[in-house]
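Colleague: Sequence lines, in order, name chains Z and U.
Per the working numbering, residue 1 is the first one in the first sequence, and the count goes up by one each step.
Per the working numbering, residue 1 is the first one in the second sequence, and the count goes up by one each step.
I should point out that these hints are in silico values taken from the structure, not numbers from a laboratory.
Here a beta-carbon is modelled for each residue, glycine too, at the ideal position from N, C-alpha and C.
Honestly, I wouldn't trust all of these hints.
Unchecked claim - To list a few chain U residues with every Cβ distance to chain Z over 10 Å, as calculated:
1. Tyr80
2. Gly83
3. Asn85
4. Arg117
5. His200
6. His203
7. Leu238
8. His240
Unchecked claim - Simulated crosslink set (DSSO-like; lysine-lysine; CA at most 30 Å straight-line):
9. Z:Lys33 to U:Lys126
10. Z:Lys17 to U:Lys247
11. U:Lys122 to Z:Lys15
12. Z:Lys234 to Z:Lys289
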Amino acid sequence: MRNFFIDELILATQKNKNIVLLVNDLGFGVIEKFVKKFPNNYFNVGVSEQSMIGYAAGLAAAGKHVFVYSIANFPTFRCAEQIRNDVDYHNFSVTIVSVGAGVGYGNLGYTHHALQDYALMRSFPNTLILSPGDIMELRSCVRYIIKNPQPSYLRLDKTYNYKIHTKLPKVSPGKWIKVLGNNKEKKIIYLTTGAVIDYVKKKFFKKKNCSLYSLPIWGMKSKNKQHNFIKKYKKIIVVEDHFQDGGFQSWINESLNNKNCKTTIISKSINSSVVNKVGSKEYLMNYLK
Amino acid sequence: MINAKTLKILSNDVRKQVIEISYLAKSSHIGSSLSIVDILIVLYKNILKKNIFILSKGHACLAYYCVLQKFNYINKKLLYSYGKNNTLLLSHVSHKVPGVEFSTGSLGHGLPYAVGRALAEKINKKEKKIYVLVSDGELNEGTTWESLLFASFHRLNNLIIIIDYNKIQSLDFTKNILKLEPLNKKFISFGCSVTIINGHNYHQIYKSLVIKNKNKPHVIIANTIKGKGIKFMENSILWHYKSPDKKELFDAMKELI
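Bound conformation, chain Z alone (with noise of 0.2 Å):
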């Protein structure tokens, strides 16, 4: 996905000059041709999480779109507190970019697994956040964050690199897309958001009974728009490679605070028990349950 994104963002650079680059000394193998391209546009700030937000802020009030990239949660929880203040709350055009979602760095063990970071960035008010579920959803997504710069957290797997959209498929904030089943609309569902569509697909889904979502864009702002669509579906089994607490699955039954639903809501998530264990990405993934 990474060098998808990599693609994308030169692509996007070369009509917009005022795209910048800033990364904490990571992105060996990514970066490079971004680099080679845009030498005065790209930053390698050293390593310093906190600071490289300040000055994503400071960038982004003159003017500047900052895309800050990173692994893990180096550019989420380490800067907390200046996504909040310096970013959100001036509402700068600052997209965090973040590679290694769910257990995505397998045996680099718990200290560079994305397990808890929609949870942090799902509170900001302006901040979105973009997980794309494959590569052709991962191109809408920068190309919609590119024409509407704003707060953002754009959150890739490491090797995923899966296609199954034929054509970019249209993203907003709050929108499902649909990615299987056919056109008569069943009553049981898969929503995911992030890169485990490969995996759902391969684990839980069963063509003839039921049909696949993802959600790629949402935020604190979206949120009310999610009733409409959940209304429709008897049952829906959210799926993501996150903790349940504060996750995906957790915005979604919130949508539901005091309005009238029926509709039956399971999570599938990561389990806690994962944190101490080692192994692949496809063996932590075992610990989505």
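Fit chain U to the given chain Z structure using the hints.
Modeller: What follows is chain U alone, placed relative to chain Z:
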């Protein structure tokens, strides 16, 4: 050049307002506000027309708001709503207030922002200087030193960092908490140029603010007095927190006439 007499009158007016509004709003941080009044007045009277200012020690916003009113960014009615319900003027500096560049309150945020802002000027090949006023206690924050590494590496000579060195932080004197000294050597070793001034001397403040640096960020260590102008508030930890009662209000006003 500057007119010290005019600046003295302006500063005196601002100090009076700081004390009066602090009394009305029952607000804290009066000492922190009084220590930066002279610096703010020189900045707004003589420096900031084409430049950018960031108050990183956001808790000293009362002095800042009084200066913004003096220079017509906000009106008196708004100023006197400070600390009340449903006003723009919360007790930490807010970008929603006309004339304010950046909201602060949590320490260690203003300098990284200023660095990004200064970098943007360089990228855009613009001439604006970025002035950022930080507190001495704030120098405890790691982001200060990260930002200095970046600013000196990228030769941000358009960045001017003013340290309000009143030597008192929240709970004690700075020397009893982490001991900042030797402060000038620390900044020099991080690749900055340094001027040490009396932060209440208008000529010294002005001269340090208009410095032309070739290839380094510049740090002004402004030796100031917390609570400056009111003898019973000067150099006192208590006046980081306390607001004046009626008697203290009158006693303070007498000193400023």
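Colleague: Confirm or reject each hint.
Modeller: Each hint tested on the structure:
In this structure Tyr80 of chain U is separated from chain Z by more than 10 Å, as the shortest Cβ-Cβ distance comes to about 25 Å. Every CB of chain Z lies more than 10 Å from the CB of Gly83 of chain U, the least distance being 20 Å, so the non-interface label holds. With 10 Å as the threshold on Cβ separation, the claim that Asn85 of chain U sits away from chain Z holds: the shortest Cβ distance comes to roughly 20 Å. With a cut of 10 Å on Cβ distances, Arg117 of chain U falls inside the contact zone with chain Z, its closest approach being about 4 Å.
Every CB of chain Z lies more than 10 Å from the CB of His200 of chain U, the least distance being 30 Å, so the non-interface label holds. Listed as a non-interface residue, His203 of chain U keeps its Cβ farther than 10 Å from every Cβ of chain Z; the least gap is roughly 31 Å. The Cβ of Leu238 of chain U sits about 29 Å from the closest Cβ of chain Z, beyond the 10 Å cut-off, so the non-interface label holds. For His240 of chain U, the condition that its CB be more than 10 Å from all CB atoms of chain Z holds, with the nearest at approximately 22 Å.
For the hint linking Lys33 of chain Z to Lys126 of chain U, the alpha-carbon distance of about 28 Å falls within 30 Å, and the restraint holds. Between Lys17 of chain Z and Lys247 of chain U the CA atoms are separated by roughly 60 Å; this puts the pair beyond 30 Å, and the hint is violated. Only pairs whose Cα atoms come within 30 Å are accepted, and Lys122 of chain U paired with Lys15 of chain Z is accepted, the gap being roughly 21 Å. The straight-line distance between the Cα atoms of Lys234 of chain Z and Lys289 of chain Z is roughly 21 Å, inside the 30 Å bound, and the hint therefore holds.
Taken one by one, the earlier hints fail for this structure at numbers 4 and 10, listed in ascending order.
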